[in-house]
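Asker: Next come the chains, spelled out residue by residue.
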Amino acid sequence: MTRSSSFVLVLTVAMLAATSCSKKNEAAPLPKPTAFGAAIVESSGGKQSAQTGTPLPQPLVVQVNDEQGNALAGALVEFAAASGVTFDPVNGLTDSNGQVTTNVSLGGMAGRYQIVASTSDKSHKKIELKVEEIALGYQQNLGRVLADQYCQRCHNSESTPERVSNYDNLEVKPHLFTEGDTYNKISDADLTAVISHGGPALNKSALMPAWGNTLGKGDIPALIAYIRAVSDPPSHDAGAVYAKK
Amino acid sequence: MKEKFNSIWQRLFGDSVRAFGVVSVVFLLSLAIAPAKNFFSEWRHYQRGYLRLIRNRSEANTLQRHYKSGIQQIWLPELGVVDRCTSCHVGLNEASLTDVASQPFRKHPAIPHKLDEFGCTVCHRGQGAATTVAEAHNSTLAWEQPILPAKYVESSCGQCHRGPLPGTPVLNEGRNLLSRYGCVHCHTVKLPDGTTMKADDDPPSLSHIGDKTSREWIFAWLKDPQAYSVTATMPNFKLADDDARDMSAFLIANSTPVAGDAQAVSTKAAADPSAGASLYGESFCASCHAVQNAAGNMVGGNVGPELTRVGSKVKPDWLQSWLRNPRVYDPATAMPHYRFNDAQVATLSGFLQAKADSDLLANVHLDAATPQQIAHGKRLVADYGCASCHEIAGIKKPENFAPELSRIGSKSITQLIFLPGMPHTLPDYIAGKIKQPRAFSPGLRMPQYTFTTPQIDALTTALLALNDHASSLPPSLTVSATPESDYQPAGKAGKLMTDLACFSCHRINGHGGDMAPDLTWEGSSVQRQWLVSFLKNPNTLRPALIRRMPRFNLTDGEINDLTDYMMTVYQNPSVDRDSLPLSGYPQGQVELGKQLFYGKYSCQGCHIVDPKNDKGYIGPTLTQVGSRMTPAWMYQWMKNPQSLRPGTIEPNRAMSDDDARAITAFLSSQKGAGSKETARK
Numbered sequence: 000m001t002r003s004s005s006f007v008l009v010l011t012v013a014m015l016a017a018t019s020c021s022k023k024n025e026a027a028p029l030p031k032p033t034a035f036g037a038a039i040v041e042s043s044g045g046k047q048s049a050q051t052g053t054p055l056p057q058p059l060v061v062q063v064n065d066e067q068g069n070a071l072a073g074a075l076v077e078f079a080a081a082s083g084v085t086f087d088p089v090n091g092l093t094d095s096n097g098q099v100t101t102n103v104s105l106g107g108m109a110g111r112y113q114i115v116a117s118t119s120d121k122s123h124k125k126i127e128l129k130v131e132e133i134a135l136g137y138q139q140n141l142g143r144v145l146a147d148q149y150c151q152r153c154h155n156s157e158s159t160p161e162r163v164s165n166y167d168n169l170e171v172k173p174h175l176f177t178e179g180d181t182y183n184k185i186s187d188a189d190l191t192a193v194i195s196h197g198g199p200a201l202n203k204s205a206l207m208p209a210w211g212n213t214l215g216k217g218d219i220p221a222l223i224a225y226i227r228a229v230s231d232p233p234s235h236d237a238g239a240v241y242a243k244k
Numbered sequence: 000m001k002e003k004f005n006s007i008w009q010r011l012f013g014d015s016v017r018a019f020g021v022v023s024v025v026f027l028l029s030l031a032i033a034p035a036k037n038f039f040s041e042w043r044h045y046q047r048g049y050l051r052l053i054r055n056r057s058e059a060n061t062l063q064r065h066y067k068s069g070i071q072q073i074w075l076p077e078l079g080v081v082d083r084c085t086s087c088h089v090g091l092n093e094a095s096l097t098d099v100a101s102q103p104f105r106k107h108p109a110i111p112h113k114l115d116e117f118g119c120t121v122c123h124r125g126q127g128a129a130t131t132v133a134e135a136h137n138s139t140l141a142w143e144q145p146i147l148p149a150k151y152v153e154s155s156c157g158q159c160h161r162g163p164l165p166g167t168p169v170l171n172e173g174r175n176l177l178s179r180y181g182c183v184h185c186h187t188v189k190l191p192d193g194t195t196m197k198a199d200d201d202p203p204s205l206s207h208i209g210d211k212t213s214r215e216w217i218f219a220w221l222k223d224p225q226a227y228s229v230t231a232t233m234p235n236f237k238l239a240d241d242d243a244r245d246m247s248a249f250l251i252a253n254s255t256p257v258a259g260d261a262q263a264v265s266t267k268a269a270a271d272p273s274a275g276a277s278l279y280g281e282s283f284c285a286s287c288h289a290v291q292n293a294a295g296n297m298v299g300g301n302v303g304p305e306l307t308r309v310g311s312k313v314k315p316d317w318l319q320s321w322l323r324n325p326r327v328y329d330p331a332t333a334m335p336h337y338r339f340n341d342a343q344v345a346t347l348s349g350f351l352q353a354k355a356d357s358d359l360l361a362n363v364h365l366d367a368a369t370p371q372q373i374a375h376g377k378r379l380v381a382d383y384g385c386a387s388c389h390e391i392a393g394i395k396k397p398e399n400f401a402p403e404l405s406r407i408g409s410k411s412i413t414q415l416i417f418l419p420g421m422p423h424t425l426p427d428y429i430a431g432k433i434k435q436p437r438a439f440s441p442g443l444r445m446p447q448y449t450f451t452t453p454q455i456d457a458l459t460t461a462l463l464a465l466n467d468h469a470s471s472l473p474p475s476l477t478v479s480a481t482p483e484s485d486y487q488p489a490g491k492a493g494k495l496m497t498d499l500a501c502f503s504c505h506r507i508n509g510h511g512g513d514m515a516p517d518l519t520w521e522g523s524s525v526q527r528q529w530l531v532s533f534l535k536n537p538n539t540l541r542p543a544l545i546r547r548m549p550r551f552n553l554t555d556g557e558i559n560d561l562t563d564y565m566m567t568v569y570q571n572p573s574v575d576r577d578s579l580p581l582s583g584y585p586q587g588q589v590e591l592g593k594q595l596f597y598g599k600y601s602c603q604g605c606h607i608v609d610p611k612n613d614k615g616y617i618g619p620t621l622t623q624v625g626s627r628m629t630p631a632w633m634y635q636w637m638k639n640p641q642s643l644r645p646g647t648i649e650p651n652r653a654m655s656d657d658d659a660r661a662i663t664a665f666l667s668s669q670k671g672a673g674s675k676e677t678a679r680k
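Chains as they are written, first to last, in numbering that gives the first Met the number 0: chain X, 0 to 244; chain P, 0 to 680.
The following block holds chain P by itself, in its conformation from the complex (with noise of 0.2 Å):
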């Protein structure tokens, strides 16, 4: 072994040129590692695909000329970026690179920023400063966010979007869900803006509940509300049968009657056995309440509860005193008052209480209460946070009752429990929490919604912008979101609109729902007559339309005060009503308004004006337009839609002062023969 070794050395460093020569080779190649694994490293690789790939294109010199080789980066101090990405993804801004197929060469779609501007990981998370495959795209021991799944970038444009765009319907979608579903009642989210996210579910008080239903009934919807309905937010809690029991009984032991309202009126319901549905789609309850039909399909809007099964759950005194004044039992509902008589009261309660399954509560049998089952009963419901959505007398809505989601998008992993065969990303970990939070643990209160998979993956977009990066972002890189105003009228008139409801479809000066027309500028745009026969008897304005305002049944007094603060308060400071009369227009100018609006303009494609000849079902119908708006809000119309109510789709025409006043014109001169007779009805 010894003299092998004494040969070779011998034979390499024998004698001093020998041994010169030798080191000299060693020394060569050490100096040539560096060069040589720049030479075989991954961006020079793809580099030269790159370069084989424009070789034969027919723009193959655009190309060239556009190449920059070497590493590449893009460096924005502001928004944190040190992005070497496009060392490999060469082709990001060619645009005759939309069809290669093969990453990295491809395209960037096209989107509304510049990629020069904003970099890649903003977007895409990764590692930007890395130079290899691996490091940049993946998790690493000293990087933890790899590359964001293309079903939640959109969750990028949610850290300086605080408000929604057309662009991202799954991060708006998300955003809605976390306020539709309650989530923030329990898990506190403040927003980078310093603001706290609202819930937007109206969870009800159940400090009176023993008044409107029964224990049986509570019980069950315990057990499972979905069996109830459907459509119900309110998640399962997986209870055991005695705990539902017992909470069922604190529930009710703890209920106090609210004064007047159990009084069951003395009247019949109507003899007739159709007049209850009638009543119902006369009151366009299905504008807001859905039912389940035969073939299962939901019928109805979404603003209140879903009524398939109400007749299982409502106890009818209740369901009377409710029909008739909802507002004693609930100040704050949504549900306006109707104003119906005894006999109206008396026929849409038997109608809604026909609606029951008796299989519901077949199987529902409770024994009296017991003390300690009440006790026990309490402790679960303070032990389930259910005072966290619902007002229960005698329990605190607990203070951040869940862990707080106002940073949940930069978790560290390492903080995060995965189940097993998970893969093991933040991504993952939040939907999978979301689809069965019990399955990380059987001792987690968190409750198991009916999410669909869509659903789940847009509640993970929304979380996923609550980061970080989000919080540190300079207000002057935000966009920041319009926040609903809290806009209350004032007066008579404002008690009537909140007894009425009118902001749970109606919009007023940035405050209410979306279903029905905003009426902000209303004073403006229609004449007071008109307003005065529509409340009296609201008549559909749009053919296609299935949500409709209902009928109230007011008095002149209320109607009187309704229109007067309208016509005076909701006026456009751009609209003078008394700047075009209501008619007495020239005929050539009438005439000249009609050609413009069935030639020129073509406007019978949308509304009808003559309701043998026109078919459009888009807009509102016109046939007595001239009764019901004002010429000055008509002529502003036609100049610019958009300019009275940002978002409508009526096409901004740009008409000149001409074609819009002859047009005007035109409208005004459209009385309608029936107006008279919609008053009568």
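This is chain X alone, in the form it adopts within the complex (with noise of 0.2 Å):
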């Protein structure tokens, strides 16, 4: 009994520790906020994908407004997330385009992670901006990267020296991976009869070949938890999101 109770003892001292070091962490380097704006939006990298715990290819960008909507310096825009998520850096003032940058590492578990951009406005009150970042497990990652190698050049219509699109030559026009209005309405088992034996298995384009004595074992399940992560609106089995609590 003495011994449960000094644990009690322990773990109440080591929470109060933990908690106001937090504290401390959060506290220390907020700089001063020399102007406070009306609204705040994303300029850039929402909705990103990339391995659990790993940084994010592009950083996330946000935009402070002023109430005519033009961009205001000066305003400080503190970031959060569900634990395990981390931001370098985790909090600024906006440049003279008005814009914060943070690089954003995703945490350990696959799903998506919503991450809270806030500000404040002139009367103190916090504006707050939701944008979502994708966290690939390692089935999904291995999908990405067959996707990459075998689909992203026709799927994909963004073109990159080392990999030009084929999207803009191909008469019927594939399906890009993010569009889930059309992906969340076919089946799993619809997806992997196409892949595996071609657009006419579903009626569709024999532009899409047979990839079923290609693809290895395993892998038409990963593209399609690929697929299912990445798409948007989120499909239904796009797994947990994480939000700050």
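Accuracy of the hints is not assured; some may be wrong.
Mimicking BS3-like on lysine-lysine, the simulated pairs with C-alpha atoms at most 25 Å apart in a straight line are [as the list claims (entries may be wrong)]: (1) P:K395 to P:K410; (2) P:K410 to X:K243; (3) X:K172 to X:K31; (4) X:K216 to P:K113; (5) P:K396 to P:K197; (6) X:K203 to P:K106.
Since the hints were derived computationally from the structure, they do not count as laboratory data.
These numbers come from a predicted model, not from an experiment.
Dock chain to chain to rebuild the complex, using the hints, since each chain is given by itself in its own frame.
Answerer: Here it is, written out as structure tokens:
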């Protein structure tokens, strides 16, 4: 009995210490805002996906505007998310373009992470912007690697010097993997059929070849897991949403 | 006081019945401690939480049936696993629990292994036999290995899988960086299979550096390599001005000239100012060399060094003889011997010489070196282990210059010295050390690299995979890597292929680069006539390709030697070149093949046969494929492309013999009107 009570005591002390520590960490580096905005909007960097625990490919950029909708410099923006997500930096003052840029690393669990960027207006009321980012687990990330190798040349309309897109050359346009409105209506079984037997399996274009003899065991479920993870609006089995409590 | 004690004693043990009663109560209470402790244990708390969680779910009955109460254990003697994690992580195998956000009940994400066959700690580390959260997850006095943070978890795959896996991009990248940045020049890494990790960079020999560049450039480079080239893999040694001055003095004094290395050509560069740029473009220098453009982006490949400021580095005479034949200066260089004529050498060297940055050496003023400075420079060159990477005449490559990293992933944290404020874990230590090596002690010689955060995480992941567990696994449990072969072609053609550095881009029999197509079966695949005209004037086969085969200005005799060798030696045993004719297929079969090509198989999605209507950009253009490839190869390719070229993205359509023959007939009829014109150019 004494043991458990001492355990409780130790635990409370530890928790107190932890909370006081975290308070100290948050309080110390907060810069002083020189302006207060009326709105906060996303500039770029939302809806990205990256492997669990790794940084997103592009930084998250948010912008603070004043009442007239003009970019506002010197406003304080703070970023917050569920535990495991890290920001570099975690807060900052908007630059001359009214923007704050932060590099985001997602948490260790696969799923969607809700990121809250907040600033205060003139009456010290918090204005919040919610952005979602996607953390890919092992299977989804394997799907991403395979999609990059086999699919994205046609299923992605963006060209890079290393991978020129073939999207515009196709008579029947392939669906981008983020098109949730399309993919969410197709069952896993149908997706498996169209990947392994080609477009005609679902009465779709023969320009989509059959990959069943090329992809290895486990590759098609991985591709489907990836498509489900990045689809927008989210698929019903996109996994958990992690938000700050 | 004494009275009070006596009265209590009297009350409790006054007569024997009362004493018996009290002792019995104490005895019963003490007996209850163990069951109470058990009842209030952490894992029971979580199991009760799990039962509360599943009670309201629609599949409660199934989950209830799968649920086993009490301490659970996965015991795998072969892997050294005794894991009780499943006592609290109850729903790891429940397919329906993917959406549970609260741990420890969520289903484990899909991986290729069964949890019951591998356990948990093999991948996640931590103390498997523990039954409390703190003991299992954190390091304790008795157990050093805490849970591995998720971003490093691929390191665990690397314990058994010694080669790259498609699902472990971070680990693969980390292993590549260890080779590419030459970490293993100084740090020995003995892999668990007994081999030693080899470096993949190619640090130049400094024995003749005086031919190539000036002392001022060496000084500036030693001070800050990235100021000259953003992409340089050479790290910054944070040298003091005097030290860099003395080292540059030694390197110049130590350098001996190479015969024939400073022969300037007498021919003048072409008068046309754009001639240099077009020769640079035509020779596809950008396939290997990058140049930073005005926007600050790198344009070009990373096989050779960046050339943005090359004019500030190299001496004009050296550059000309290098362009004439790089193998005179460096017999093992990855640069091909282009066989430029004198006018071309003058034009190209003039073009490159103009890529200079006047700011780079503007503030470098070095007085003539004294013998003391040279001697001091030599000492510094030996001290900093320059010879670990570079060949330097008169200085031996130091053995075990830096700590061996073969078991770094199991290093005990009691042996580590952490920076203030740094979490006391091994991954944090390794990452911190890579990020800022000199912060650990100003006297350390490890240089400063310019890695990004993802690169540091990747390197840490690769290093964590080098641990005691990986080394002690029985070979039956490991998946070995395919080692790079040391294939070298023989004879005259072999010499030519070395001279042209074919292996810098092409892969043959498991040896060489991956920029250009694998040529292992080239003799079965193409027609001799085409190969001859291609080597004479390589035209690109893929419309969207930016890295292309350069023209080497070969003589007819050289082309003949190369072609003969490739057509004879690089033959695939499953392709009989003579089994199908080059032409003369019945019109009906050709027509059927055309229908299959455009209809059933829709090859035009990726390939172009009719340049007017087809737009496919992924595969090679097939307008002249009938004059390029052998029908026997095409037939076999239709049947199973991966059997000929493993890893090709051409999908295996499992065609019937008839379909494959018809498409072969159709493609063989695509002789291309322009084939003769190309040869004439």
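Asker: Can you confirm whether the C-alpha distance between P:K395 and P:K410 stays at or below 25 Å?
Answerer: violated (30 Å)
Asker: Hint check: P:K410 vs X:K243, CA-CA at most 25 Å. Holds or violated?
Answerer: Distance ~36 Å between P:K410 and X:K243 Cα, so the pair is violated.
Asker: Can you confirm whether the C-alpha distance between X:K203 and P:K106 stays at or below 25 Å?
Answerer: violated (35 Å)
Asker: Taking 25 Å as the top limit, are the C-alpha atoms of X:K216 and P:K113 close enough?
Answerer: holds (15 Å)
Asker: Between P:K396 and P:K197, does the CA-CA distance stay at or below 25 Å?
Answerer: The given pair, whose Cα atoms are some 15 Å apart, holds under the 25 Å limit.
Asker: What's the verdict on X:K172 and X:K31, does the C-alpha distance respect the 25 Å limit or exceed it?
Answerer: violated (51 Å)
Of the numbered hints stated above, those contradicted by the structure are hints 1, 2, 3, 6, listed in ascending order.
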